[in-house]
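Participant: All chains should be modelled from the sequences, with the hints used to inform the complete structure.
Next come the chains, spelled out residue by residue.
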Amino acid sequence: MKKLLLTACCLISLSSFGQKLLFGVAYYDEYMPYERLDKDIAMMKAAHINVVRIAESTWATEEPSDSVYNFTHIDRVLDAMHKAGISVIVGTPTYAVPAWLAKKYPDVLAATPWGQNQFGPRQNMDITNPHYRYYAERIIRKILEHVKDHPAIIGYQVDNETKAYNTAGPNVQKAFVEYLKKKFVTLDSVNNAFGLNYWSNRVSAWDDFPSVNGSVNASVKAEFAKFQRGLVTEFLAWQAKIVREYKRPEQFITQNFDLSWKGYSYGIQDEVDHFAAARALDIAGVDIYHPSQHQLTGTEISLGGDLARSMKGGKNYLVMETEAQGFANWTPYPGQLRLQAFSHLAGGADMVSYWHWASIHNSAETYWKGLLSHDFAPNPTYNEAITIGADFERLSPNLLHLHKKNEAAIFFSNEANTAYNSWGTPEKYNDVMRPFYDALYRMNIGVDFIDPSSDNFDQYKLIVVPALYAASDALLQRLNQYVENGGHIVYTFKSGFSNENVQVRYTPQPGVINAVTGNYYNEFVVPEHVGLKNDPFGAKDNEIKYWMELLTPTTAKVLAYYDHAQWGNYAAVTRNQYGKGTATYIGFMPGNILCEKIMENCAKEAGIDHQLHFPLITKTGTNTAGHTIHYLFNYSDTSQTLIYPYETGKELLSGKTVLQKSSLVLAPWDVKIIENN
Amino acid sequence: MKKLLLTACCLISLSSFGQKLLFGVAYYDEYMPYERLDKDIAMMKAAHINVVRIAESTWATEEPSDSVYNFTHIDRVLDAMHKAGISVIVGTPTYAVPAWLAKKYPDVLAATPWGQNQFGPRQNMDITNPHYRYYAERIIRKILEHVKDHPAIIGYQVDNETKAYNTAGPNVQKAFVEYLKKKFVTLDSVNNAFGLNYWSNRVSAWDDFPSVNGSVNASVKAEFAKFQRGLVTEFLAWQAKIVREYKRPEQFITQNFDLSWKGYSYGIQDEVDHFAAARALDIAGVDIYHPSQHQLTGTEISLGGDLARSMKGGKNYLVMETEAQGFANWTPYPGQLRLQAFSHLAGGADMVSYWHWASIHNSAETYWKGLLSHDFAPNPTYNEAITIGADFERLSPNLLHLHKKNEAAIFFSNEANTAYNSWGTPEKYNDVMRPFYDALYRMNIGVDFIDPSSDNFDQYKLIVVPALYAASDALLQRLNQYVENGGHIVYTFKSGFSNENVQVRYTPQPGVINAVTGNYYNEFVVPEHVGLKNDPFGAKDNEIKYWMELLTPTTAKVLAYYDHAQWGNYAAVTRNQYGKGTATYIGFMPGNILCEKIMENCAKEAGIDHQLHFPLITKTGTNTAGHTIHYLFNYSDTSQTLIYPYETGKELLSGKTVLQKSSLVLAPWDVKIIENN
Amino acid sequence: MKKLLLTACCLISLSSFGQKLLFGVAYYDEYMPYERLDKDIAMMKAAHINVVRIAESTWATEEPSDSVYNFTHIDRVLDAMHKAGISVIVGTPTYAVPAWLAKKYPDVLAATPWGQNQFGPRQNMDITNPHYRYYAERIIRKILEHVKDHPAIIGYQVDNETKAYNTAGPNVQKAFVEYLKKKFVTLDSVNNAFGLNYWSNRVSAWDDFPSVNGSVNASVKAEFAKFQRGLVTEFLAWQAKIVREYKRPEQFITQNFDLSWKGYSYGIQDEVDHFAAARALDIAGVDIYHPSQHQLTGTEISLGGDLARSMKGGKNYLVMETEAQGFANWTPYPGQLRLQAFSHLAGGADMVSYWHWASIHNSAETYWKGLLSHDFAPNPTYNEAITIGADFERLSPNLLHLHKKNEAAIFFSNEANTAYNSWGTPEKYNDVMRPFYDALYRMNIGVDFIDPSSDNFDQYKLIVVPALYAASDALLQRLNQYVENGGHIVYTFKSGFSNENVQVRYTPQPGVINAVTGNYYNEFVVPEHVGLKNDPFGAKDNEIKYWMELLTPTTAKVLAYYDHAQWGNYAAVTRNQYGKGTATYIGFMPGNILCEKIMENCAKEAGIDHQLHFPLITKTGTNTAGHTIHYLFNYSDTSQTLIYPYETGKELLSGKTVLQKSSLVLAPWDVKIIENN
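Residue numbers (the UniProt record's numbering), protein chains in the order written: chain Z, 1 to 677; chain Y, 1 to 677; chain H, 1 to 677.
In short, the hints are calculated from the structure, not lab data.
Check before you lean on any hint, since a few could be wrong.
Within a straight-line C-alpha distance of at most 20 Å, the following computed DMTMM-like cross-link-like pairs (lysine to aspartate or glutamate) qualify [as the list claims (entries may be wrong)]:
hint, chain 1, residue 1, chain 2, residue 2
1, H, K604, H, D438
2, H, K315, H, D458
3, Y, K533, Y, E600
4, Z, K103, H, E178
5, Z, K580, Z, E605
6, Y, K103, Z, E178
7, Y, K580, Y, E407
8, H, K104, Y, D207
9, Y, K461, Y, E407
10, Z, K174, Z, E234
11, Z, K142, Z, D66
12, Z, K428, Y, E365
13, Y, K104, Z, D207
14, Y, K247, Y, E145
15, Z, K604, Z, E484
16, Z, K604, Z, D458
Facilitator: Here's what the structure looks like:
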């Protein structure tokens with residue numbers, strides 16, 4: 001019976017993007033050690049794969065010599081996929097230049113602070129180099145001209161995981177000085193903003209402006225990092241503009257944005273301004289890689305999804321890449337691949353695409369395995385993907401275009417990220433941000449990400465602001481206004497500390513926001529064996545890390561004091577009523593347990609409800625029919641029993657009705673999806 | 001009553017150097033984010049600050065373009081300080097070159113073994129470069145010409161924390177070869193002295209002499225290090241000579257010497273020959289930075305002071321820089337800033353000057369905080385400084401020009417330092433020297449530092465010689481003579497091992513000094529789980545580290561044997577009578593507890609008395625009135641009760657009489673100063 | 001009586017190589033700080049030293065300027081040694097170039113991926129550089145012409161510890177491309193074999209072939225490493241050819257091969273193809289350095305000997321260098337130097353030569369001590385050498401030319417070594433090989449080494465194949481054939497994984513050998529807290545490290561399953577009957593205890609007998625008289641009692657008869673040598 005339904009479902013034609021859940025893989029015909037195309041497509045069809053991404057890494061195959069083109073691989077894959085009813089996303093191949101180009105114009109390879117890049121790896125070019133731009137534009141146009149009418153193509157990916165790759169040669173330096181001229185107009189402004197009198201760094205002629213490579217000035221380096229992020233934004237917009245000349249109206253343009261990397265997708269990417277760069281795109285794409293096996297928590301899936309969704313203001317997004325088997329320590333346990341796939345959907349993804357179809361037999365990523373191992377035979381991971389593909393196909397009408405509405409947001413800032421990371425502590429911006437994100441995740445409080453370009457602060461009951469190290473007065477005043485309007489804000493230590501030029505404020509700290517936080521400090525220390533007095537949040541474990549500001553309340557009430565012989569009279573956490581809202585200020589980095597307890601307190605203050613707790617993860621949204629969808633995930637190795645807290649609905653995978661308040665059992669690494677009418 | 005006295009004291013005019021204790025800060029008008037001068041001076045006056053150091057880091061402000069001068073900041077500070085009765089030390093700005101100079105003459109930036117330096121940080125230049133010298137001389141003369149008559153100036157600092165900064169380009173190499181020619185005359189002498197036959201390094205033409213940068217020859221590298229130290233000596237003498245053309249007779253010339261750095265001032269500086277370099281100066285200056293909070297022991301204050309005092313043969317010295325708030329992990333506990341200030345005086349300092357007045361808002365040292373935080377508001381550290389300034393002012397007649405006379409000395413050697421550090425062990429020369437220094441410190445045995453240029457060996461009852469790895473026969477014979485004359489010497493392992501060319505001696509070890517030590521060895525091993533047999537010094541913890549020489553006594557008596565299955569018949573510590581004195585030889589590096597016990601034994605042998613023990617530190621000297629001053633410090637977090645061991649006197653801070661043998665209580669981090677008539 | 005015998009023995013003239021055990025030292029007259037030759041020779045004679053190696057490091061002394069020659073040191077040493085009846089091995093001095101050559105032709109210094117080498121250390125040259133070759137050939141010919149008739153010389157060492165020293169400049173790159181052309185003929189073959197389509201690395205013109213320095217392609221890098229090993233083979237053959245023009249028929253040509261280094265001689269040298277390079281030589285030479293004192297196990301002596309012996313197909317070899325005192329942590333305990341010397345003989349060495357005679361007084365190796373310390377006086381190590389020399393001389397007829405015949409072999413591969421080391425794990429090829437070697441050593445199972453060039457597989461009952469990561473189909477089929485013929489083979493994880501081009505196989509894993517292993521896998525994971533189910537080998541400690549292949553048997557029986565909640569149904573160790581033999585496959589890296597237990601199981605399966613166990617080590621061979629020699633070693637600090645398991649024979653050191661099954665006591669670090677008639 002179920003089988004029949006499935007078969008029927010498969011016959012429904014979901015030919016264009018936006019009408020079905022996409023289940024895909026990256027596919028490299030160029031890398032195959034022998035003729036595989038038909039066999040691969042048959043295996044894809046068996047797994048209900050309905051989209052592949054191609055061509056983004058293989059410029060040298062597509063243009064083997066200067067102005068000699070060979071689109072054989074593209075053509076045969078497009079034709080074969082189309083024949084099989086599988087859609088294709090075509091990537092521009094510009095993030096990996098061919099050897100002949102690097103030989104002809106060695107300056108195509110970026111000059112970095114550590115010397116000029118060598119040919120070999122990808123992402124080694126100067127994205128501002130005119131020769132690079134000339135040849136990149138030419139290959140893009142050649143490919144687009146060639147494929148633009150192909151019916152298999154549903155969209156384009158411009159470049160891949162684009163960054164400025166530390167390009168910092170003389171031409172980039174020159175452009176940076178031009179940028180400074182435009183932004184600051186006079187050298188006096190630059191000297192003052194950046195404090196260049198320090199250590200004889202004052203510059204009196206634009207021509208003398210020294211390379212940033214040797215700079216020790218945090219303001220200069222932060223401005224250069226911002227300039228480099230601007231190069232990425234400009235580069236992607238430039239590519240998107242070219243592609244837009246060719247693409248059909250129903251086709252989309254996306255990119256494959258990646259998060260900052262710590263062996264896996266970890267946090268805010270400090271080399272790209274995702275919100276700005278995404279403006280030139282139609283839809284956000286993201287790659288998400290995460291720990292697995294007993295370390296699988298779903299956090300990075302949730303985080304990457306929340307970020308990608310927030311890039312385009314809450315619109316659904318594409319998971320351009322995520323792990324199938326991945327590294328040896330990522331090979332999923334039985335059930336985990338399913339759990340992961342539906343977790344992506346629960347964040348608002350309309351596509352889940354694995355990197356990649358089949359494991360590679362040469363070069364650098366032979367241990368980053370695809371759905372298939374090197375032997376191309378079915379394996380437990382592939383076999384599990386078959387069930388996912390079938391469920392995606394069957395449940396597409398129910399699960400596509402999940403609309404999310406969250407009451408909480410994390411406020412991040414690229415400027416703060418760069419500035420925080422440069423002041424010398426071993427822990428970085430994301431090490432402050434993540435524990436707050438993770439605490440909310442464990443408590444099942446859904447979040448969006450917002451940044452200084454966002455104009456929707458007021459839609460959130462709670463905004464959490466980690467380590468807003470660098471920010472303009474105007475921005476801080478906007479955040480003050482949010483509180484005055486009735487919002488609840490949570491600041492951590494270091495917020496408001498310096499202005500947009502990474503000039504430490506000389507007004508009382510925390511600068512500008514202290515009107516709202518109702519406290520001040522001018523001394524800070526490094527905590528050693530310090531806790532909170534009298535366990536004020538009931539955390540039992542009151543670990544304090546990284547930093548410790550010696551807070552004195554003005555109008556705020558003190559939620560917690562430090563437990564320290566010398567500094568026990570200073571406040572550690574304060575809360576202040578301001579206008580219609582409140583501001584909580586945390587003068588230190590809490591350990592994970594304490595962090596969650598503080599966030600629980602703040603969520604309650606902000607009036608945010610939440611149900612269940614990790615390892616039971618629940619995500620909610622509204623589908624296109626206007627029905628509420630509740631995802632329930634068991635992120636653990638043991639069965640979990642829960643009282644189903646939401647309204648009665650239908651569990652979509654099993655087709656069974658789930659009554660409110662009934663007892664539900666989730667097997668290890670299990671998922672349930674309940675639709676309420 | 002006390003208040004009245006204070007006021008009276010303040011009215012005494014102490015206008016010129018040498019007549020009052022100096023309490024100061026480094027002051028950078030150039031770095032201020034807004035007009036602060038009058039307000040800053042008012043706050044300085046409130047803290048009884050009577051001296052500021054200016055101008056040493058800001059060449060680019062003083063000469064913003066080639067031959068364009070702007071002394072506004074210098075002038076306004078000099079005038080304002082003078083008006084306020086605050087003295088000024090003017091620094092030459094040569095340790096940080098302007099961008100225009102580095103652009104005009106890129107060779108100004110030193111070529112090091114790791115490539116050419118970039119513009120950005122300070123201390124990146126080739127101090128031998130003719131362009132650098134030309135422009136450095138010109139800015140020095142311009143400034144001096146401009147300020148020489150200003151009444152506020154009490155002295156000049158030439159350059160700052162000067163070193164050779166690893167300069168090793170072709171011009172330096174050429175100069176080094178000229179130096180070798182002059183020193184060794186023939187290449188045969190060089191080949192033999194340095195053992196250049198080894199690995200085909202023999203040189204047969206001066207023009208072929210290869211760059212030291214690639215050398216693996218310890219002798220060559222040590223000679224080059226000595227040559228580089230010579231560059232520093234020459235450079236400072238050159239600057240001092242220029243300044244001396246302008247300065248008034250009552251003004252002094254100093255430098256700000258720094259110790260070797262290990263996150264704080266740690267030991268002998270191997271890049272500068274302090275004793276040689278100080279000859280061109282009128283008074284020694286030093287910067288001393290040290291751990292704080294629960295890690296504050298006073299050791300580095302004592303060490304830096306003993307070194308600085310010894311640079312000019314026991315004369316009082318200036319603490320040009322020390323921490324106020326400093327790093328976040330240095331923010332002082334209540335009371336510690338006072339304790340530190342008086343500890344400096346107890347070593348013979350005539351000035352204590354903080355780096356720096358106010359925390360910096362940009363660039364690289366925003367977390368190296370001054371007396372004021374970034375908000376310029378009073379804070380606990382500043383408030384404590386107020387009490388120090390008041391006491392300095394009031395007690396200046398009693399405490400100025402403390403004359404110290406110690407019975408013990410540490411013999412150090414720059415040559416040994418370099419040579420020891422290059423032979424491949426992870427622990428360095430200072431890691432051997434410090435535990436011996438620290439042991440004497442904890443036992444309240446005051447020490448001077450002496451080096452191969454010293455001619456006053458005989459004034460000490462005890463000379464401790466750590467790791468004298470490289471030394472000429474003549475030097476060792478002078479040390480032998482010291483013992484023969486009645487001195488007691490303590491040698492550690494590795495002493496006498498190689499000659500002045502870092503050629504290991506082929507005579508029995510320890511070379512030349514074995515006449516005096518009465519022992520020999522020709523095998524050495526690395527200790528693993530070895531102790532001393534039968535706990536000979538009552539240390540209980542007989543930890544042996546780093547190295548282990550298998551000693552055999554000839555005429556010496558054995559104080560300790562190794563506790564080892566195979567090498568238990570070898571001596572570990574020997575003592576030998578020689579002439580009127582004795583020599584103790586320690587064949588290994590003792591752990592800290594054992595080290596102190598051995599030094600206690602040696603002090604007793606040398607007839608040196610000592611009172612109290614860490615955390616109770618006591619320092620003694622004679623003031624200008626010829627009275628003995630006893631400082632008592634409590635370097636701990638708990639109250640300490642002691643029986644006052646010295647003659648009856650007056651405690652200067654409280655004005656109370658302290659009777660000999662009476663019980664005294666020192667609060668945590670407290671200080672008492674007793675003057676005996 | 002014994003004395004008389006000794007004297008008699010010493011009178012036997014053993015003047016030419018091959019007729020006596022050689023006991024030697026490296027001797028550097030050039031390095032002596034004063035005239036020592038006669039005194040040194042007297043001390044050598046006292047120690048029965050009968051050979052010295054000279055001249056291999058001192059080109060700059062021999063040719064102090066371009067075409068100026070000075071063979072004084074060579075001549076006087078040759079003459080003096082000859083007079084004393086001590087033989088000489090002359091080394092060509094080419095591994096350390098003189099300063100004048102590096103100055104004249106800077107390109108003599110190799111350009112490496114990290115920049116061009118500097119003058120200073122040895123082994124810094126480009127061994128392919130034409131200038132280097134010209135001057136190297138000239139000095140070789142000059143020396144050979146000069147000494148060729150000298151009667152003291154028994155052989156020549158060409159160069160020293162030769163490698164390619166990472167030479168990778170444009171000329172080397174060019175030669176590499178020529179090599180590729182010859183090997184692969186077409187670029188298409190290269191592109192396919194190396195998978196260059198990946199990341200746009202495809203090359204379409206030979207001129208575009210990019211430098212390997214920047215490559216991320218494991219296949220390219222492995223091929224380049226193989227090419228570099230080929231440079232070493234060619235270079236040594238080139239030198240040997242030159243020397244062969246001069247040498248007399250009875251003289252030999254050797255080299256001083258070194259193992260891979262991990263603070264001591266550790267494993268297979270991945271920079272040299274020892275088997276190929278040794279073909280140009282008459283006899284294999286090796287240097288062996290090893291931990292000592294309580295860490296002395298004899299393993300490296302055994303390993304280095306087995307490797308050296310295997311280089312020339314089982315022929316006796318020369319230990320060109322081994323430690324006398326060595327580093328401070330190597331200074332031998334009493335008895336250890338003797339134990340070591342006889343351990344070398346037990347492996348088949350005909351010479352044991354110390355590096356070096358006397359400790360060096362300058363430069364880089366002053367802490368790598370010789371038989372004599374820096375003082376040239378007798379010391380415990382030298383005194384022990386006297387007894388060794390005497391015993392060598394006395395027992396030479398019994399112990400020379402030991403013939404070894406082992407039943408087991410370790411199969412290693414330079415290609416697998418390189419390939420394994422490049423795939424990203426922290427543990428390396430030798431970290432897999434060594435524990436298997438060490439287990440066999442501890443069990444007293446003698447082994448030979450074989451590699452892909454060996455044609456004698458069938459002579460072994462057991463072949464152990466660690467991590468044969470890269471291998472051609474043909475090689476794997478030869479190994480399959482070995483099993484079919486009746487051999488027993490043991491494969492570890494990763495064997496057969498990729499082909500000779502480091503292309504991962506797309507056939508089921510383990511590729512090609514799975515016909516024989518009777519299992520397959522296509523998933524692998526990183527073990528965390530995994531063991532083996534039910535302790536199948538009785539190891540108690542079932543530690544699993546590094547890697548974990550999820551094996552499924554086809555025809556094999558399962559010897560062990562993983563003890564893991566998710567993967568407990570996968571096999572960990574399998575054994576398969578194939579033809580007349582069996583194949584054991586280990587899907588993971590066992591801990592040392594488990595490794596030995598598995599090897600015990602495999603030895604039993606292969607029908608290999610073994611006696612005693614570490615610390616009692618026994619080695620066996622046949623002497624020239626056809627008698628069996630049993631060495632018994634006690635590698636421990638405590639006396640060991642054993643039942644002598646072999647036939648009755650005479651213990652050569654004591655002259656006493658040892659009866660089969662009698663009880664024998666070996667003192668700590670003791671050796672006994674029993675000859676059976």
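Participant: Indicate, hint by hint, whether the structure satisfies it.
Facilitator: Now the hints, each set against the structure:
no., hint, result
1, H:K604 - H:D438, "holds, 17 Å"
2, H:K315 - H:D458, "holds, 19 Å"
3, Y:K533 - Y:E600, "holds, 19 Å"
4, Z:K103 - H:E178, "holds, 18 Å"
5, Z:K580 - Z:E605, "holds, 12 Å"
6, Y:K103 - Z:E178, "holds, 18 Å"
7, Y:K580 - Y:E407, "holds, 17 Å"
8, H:K104 - Y:D207, "holds, 11 Å"
9, Y:K461 - Y:E407, "holds, 5 Å"
10, Z:K174 - Z:E234, "holds, 17 Å"
11, Z:K142 - Z:D66, "holds, 13 Å"
12, Z:K428 - Y:E365, "holds, 18 Å"
13, Y:K104 - Z:D207, "holds, 11 Å"
14, Y:K247 - Y:E145, "holds, 10 Å"
15, Z:K604 - Z:E484, "holds, 19 Å"
16, Z:K604 - Z:D458, "holds, 18 Å"
Every hint from the earlier list agrees with this structure, and none is contradicted.
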